Structure formats: C-alpha cells, structure tokens
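J.: Chain order of the listed sequences is A and B.
No gaps in the numbering here: position 69 of the first sequence is 69 in the working numbering, and each next residue is one more.
No gaps in the numbering here: position 24 of the second sequence is 24 in the working numbering, and each next residue is one more.
In short, the hints are calculated from the structure, not lab data.
Fair warning: there could be bad hints in the mix.
Said to hold, decoys possible - Restricting the straight-line Cα-Cα distance to at most 25 Å, the calculated cross-link-like pairs of lysine-lysine (DSS-like) are: (1) LYS75(A) - LYS68(B); (2) LYS5(A) - LYS179(B); (3) LYS171(B) - LYS183(B); (4) LYS68(B) - LYS54(A); (5) LYS291(A) - LYS310(A); (6) LYS141(B) - LYS183(B); (7) LYS30(B) - LYS75(A); (8) LYS5(A) - LYS171(B); (9) LYS171(B) - LYS291(A); (10) LYS54(A) - LYS171(B); (11) LYS179(B) - LYS54(A); (12) LYS5(A) - LYS141(B); (13) LYS5(A) - LYS54(A); (14) LYS75(A) - LYS325(A); (15) LYS31(A) - LYS179(B); (16) LYS141(B) - LYS179(B); (17) LYS30(B) - LYS325(A); (18) LYS314(A) - LYS325(A).
Here the structure is a predicted model, which means the values were calculated and not measured.
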Amino acid sequence: MNCEKAQQLLIEYIEGSLENEQASQFLSHTKTCDTCQSELLAMQQTITQATASKVPQPDDAFFSRFPDQVLNGYKAQAQVQAHAKQSKQHAVRKPGLLALLQNWWLDTSWPNLAAQAMVVILAIGGTFMVVQDSSEPSFNSSGLYAQLETNPALGKFIENSHNMQATNNFGFADKPATVTSYLAGRLYSESLLMVVSGKQTYAVEHLTKIQSLLGDKDKSAITQNIQQQITIITQGKMSTSDKLASLAKLRSRLEANIQRRGKGHLALFRAGSWLVDIKLIAMAGSLDRLKQASQAQYIIDSLSELRAPKSIIKKLEKIRLIMSKTSISGPDADEINTLADDLQQLLG
Amino acid sequence: MPSKSQNMNETDDAELLARFLSQEDEAAFKALVSRHQQPLYNFVWRYLEQHDDVADICQQVFIQVFNKAEQFRGDSSFKTWLYQIAVNRCRDFHRSRQRHPLELVAPEDLDAKTEDMAYEDKHMDEEQRILDDALHMLPEKQRQTLYLHMYQECSFSEVATIMNCPQGTAKANYHHAIKALRKILNPGNDNEL
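Given these sequences and hints, build the entire structure.
T.: What follows is the structure, given as structure tokens:
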C-alpha cells in the first residue's frame, strides 16, 4: 500500500469500517511510514477533540412539553391552511357578498337593534363572518367586550389610552397607509372598551380619529357610517349592549373599506384590534377566552407575508404557543399582556 | 401485557408515521417527535451557532415533516428525511440572516439577548468555545457533513442522501473537514502530506 491509498483509507480505518485484509495492509504501511503514522495519530486526536463538543441543553421541562407544542403548532397550521383553501373557493363570490353587506348595512334601521341585544351581537358576528370570509378565524371583538369582566387594571388602561389619544395624534399625516390600517384597528377595539366602561366621550374621540384616518371625503360612506355611530353613542338612549351591537356592524363596514386597500391592510387592521382585545382579556383574567391560537396564526401568517420584522413575528409566535396550551395559567395571561404591550410599541 | 408507551417505543419510525397518517394517532405523532427531538435540537443548535431560534426552527422542521408526510415513500429512513428538511431549513435561515446582517435589536429585546449570551457563557468553557469557533470556520458542506456523521451518527450513505451527493463526496468532505479542523485547532503541528 502506498501513502496515497493509505490517506484515502484513513477515516475508514479510524472508524473500524475497513475489511480485515485492507485494515492489516493499512497497519503494515503505517508501521513503516512515519508520515502516515503521524497523520493517523493527528487525525485520531482531532476526532477525539471534536467529539468532545457539547450542546448546552434547555431546561428539563423543555423536551417533555415540546411534542405537545409541535402537535398544537401542526394543528393550528393545518387549520389555517384549510381556511386559506376555503378562502380561495369563496373568493369568486366575495364582491357580490360585500355588496350585499353594504346594502344590508344601509337598509338596517338602527333603533330596531334595541331588542335582544346579545342575540343580535352573535347574529351580527355570525353574519359578518359568513359574508366577510367564512374561512378565517373569528375576530368578534364586540362579543368579547360584551362579556368582559370589570377589573381595576382596566381603569388605568382606559386613562392611559385616552391620554395617549389626547396628546398624540400618532403622526397620522406622516404615517404610511399600512400603519394607519393597523392604528384604525387598535382605535376601534379601544373604542369598544370605552363604550363598555361608560366613557362615551373617549369613545367618540377614538371614532373621530378613525374617521380622520379612513374618511378621505367628508361625505364618503365610511365617514357617514362612523358619524352615525358617534350619534348613537352620544344620544345615550341605547343600552351598552345595543351600542356594542351597532359597533359590531361598524366593524364589518370598516373591514370592507380597509379590504379595498388590499388584503395586507385588512390583516393589519385586525392585528391592531386583536392586540387590544387579547391584552384586555388577559388583564381581566378570562383565561379560557385567550385560546385564540388560530387568530394568532392568522396574524403571524399575514404579517409574515408583509415581511414584518423578525422581532414582531417572534413575539407573536410566543403568544401563539401560549394560546395553544391545553390550560392557560395566570402567569401565561400576564405574559400575553406583556407581549401584546411590546408589540403595540413596535407596531405603533 | 405491554403498555401503549412500550408499544410506541418498540415501533419503528415508518410505522409510527403510518399510524398518524391513517388513524390521526396523536400518540404516534408525539412518540416520533419525542424520539428525534433531542438529536435534532443538538443539530440545529450547532448549525445556527446560538440557541434562541433553535426551538422555533425545530418546531418548523417537525411541522414540515408532518405536512409532507404523505410524500414519504420509505425509500430512505425517516431520520434521513428529517435531516434533509432540517438541513434545508437551517440553510435558509442562515442565509436569510446573512442577508440582513445589520438587523437591529429592539430595546425591549436587549435584555433577552443579554440573558441568552449569559446562558451561553455559563454553559460553555473556553475549550468548548475554541472548538465551536473552529467548527464554524469550516466550509458549509464540510461542516454539514461533519455534524451529520460525527454528531448525528449518520452513516456516509445517509449523509449522501441528506446532502444529495455521491457517497464518495460525503466521505471526502468529512476527511477534508477533519483535516481543516486539525489545522485550525493545532496550527503549529501541521505536517500535512
């Protein structure tokens, strides 16, 4: 055996995978060749050194919970993919249905909503989802706020939100349209909170901001719709649940308007609204209502398509993982609250 | 009578995958993940040179494996298939990171980043750090081959399938990787032929 052949067989010799005859030929060569022998020793030494490399392991609980996390992630993604598939099938019908929604909106007589308020909310939520896109996860903020328990922490949130609106106009004029879509969603959900908390003036301020964001003309349909809503809130004749019902209708109108700007805008509007929703639900400690993994996945997918910064997607992923848990704990809710806060700062 | 978990432990990968596909058996799904999660975690950690994205990437790899499960024909082992997907996912992630080298860390992420670094410092001694630095200096294909053969215990035939190259190339890559590593780790003692 010559040096060239010995070099070729070096690794296999070290690993013990040579046939007996080849192995003894290799050994005979290295006994008489100092260069190949020192090469063999050096390679063995390097392999021993490299084999010692260790990977720092995560905490003990990581591997015991990881299979469940993967399974939940898989299910959430399968659900979103099924929705996307259905969405394509519905796409052809959508323009007609949207027109139907607009007619339904304009034809409805507001005072008729007074009776059976909660049923109306659910019916509106259901109708909205069918008309808008039956395949996407529900973003029924009004339904959530109607069931929101009062909590001292909410009072602080309301004042902070109001102060921020009063002192900061978010620089609307300077923001690109995508940001205004997100802000409109955020303002919308905050206006629901204001109505539930009896802060009608604050709610009107929020709605007026949305009006300035979306209403390109004084007499545009969306401007008029928002103005109708402001009138309903300020008249004080309707109960809180009736006001929430009419705000649910406003949402469908806002989403139809924003969707015309593009699919990404709709997702941003929903992201803005959803972050407020989950934050408030977390603050209220309504743990079961935080199981919104499919909504989280929708936001992740949509913002990923819009090439949102990695730091945003990572925080959303963390929220989705928590929401996928079988049982959501108080500390989990606190973490969602903190993550939603961080995301609002990053996005706003 | 053997318990269900014992049954799972003794069932091979292809059978578990088939059970999940035909019966939506979630226990089979979790048994497969459980069996491969730690080696995969180690592989992804080595590849990405850090730990904060490892869990996310591992989850994405497994989800992709199950999403494409119906395409698995059993021509190669489940392990080979898993690492094919893992190599591609890690490579894409690595490249996307290289395309955005100036990524800013948001102020609120800084604390987490500092914690990550402290975590790594705590878990790595100097010798380990030198070795890891040396491994990351290897050319990509040599590094992948070394990770797969040395640490994931893939045969050269499996490495060849995963990296879509002839077996001879896999062997040569490994040989070159060890030689290059030797040069990096022991620069003064190089007596190459």
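J.: None of the hints should be skipped; say for each whether it holds.
T.: Now for the hints, and whether the structure bears them out:
1. LYS75(A) - LYS68(B): Distance ~14 Å between LYS75(A) and LYS68(B) Cα, so the pair holds.
2. LYS5(A) - LYS179(B): Distance of about 16 Å is within 25 Å: holds.
3. LYS171(B) - LYS183(B): 19 Å, holds
4. LYS68(B) - LYS54(A): 31 Å, violated
5. LYS291(A) - LYS310(A): It holds: about 23 Å lies between the C-alpha atoms, which stays within 25 Å.
6. LYS141(B) - LYS183(B): Given that 25 Å is the threshold and the Cα spacing comes to 17 Å, the pair holds.
7. LYS30(B) - LYS75(A): Holds, because 13 Å separates the two Cα atoms, which is no more than 25 Å.
8. LYS5(A) - LYS171(B): OK: LYS5(A) and LYS171(B) at ~14 Å, within 25 Å.
9. LYS171(B) - LYS291(A): 50 Å, violated
10. LYS54(A) - LYS171(B): 23 Å, holds
11. LYS179(B) - LYS54(A): 20 Å, holds
12. LYS5(A) - LYS141(B): 24 Å, holds
13. LYS5(A) - LYS54(A): Distance of about 33 Å is beyond 25 Å: violated.
14. LYS75(A) - LYS325(A): 12 Å, holds
15. LYS31(A) - LYS179(B): Given that 25 Å is the threshold and the Cα spacing comes to 21 Å, the pair holds.
16. LYS141(B) - LYS179(B): Holds, because 14 Å separates the two Cα atoms, which is no more than 25 Å.
17. LYS30(B) - LYS325(A): 15 Å, holds
18. LYS314(A) - LYS325(A): 17 Å, holds
Consistency note: the structure conflicts with the earlier hints numbered 4, 9 and 13.
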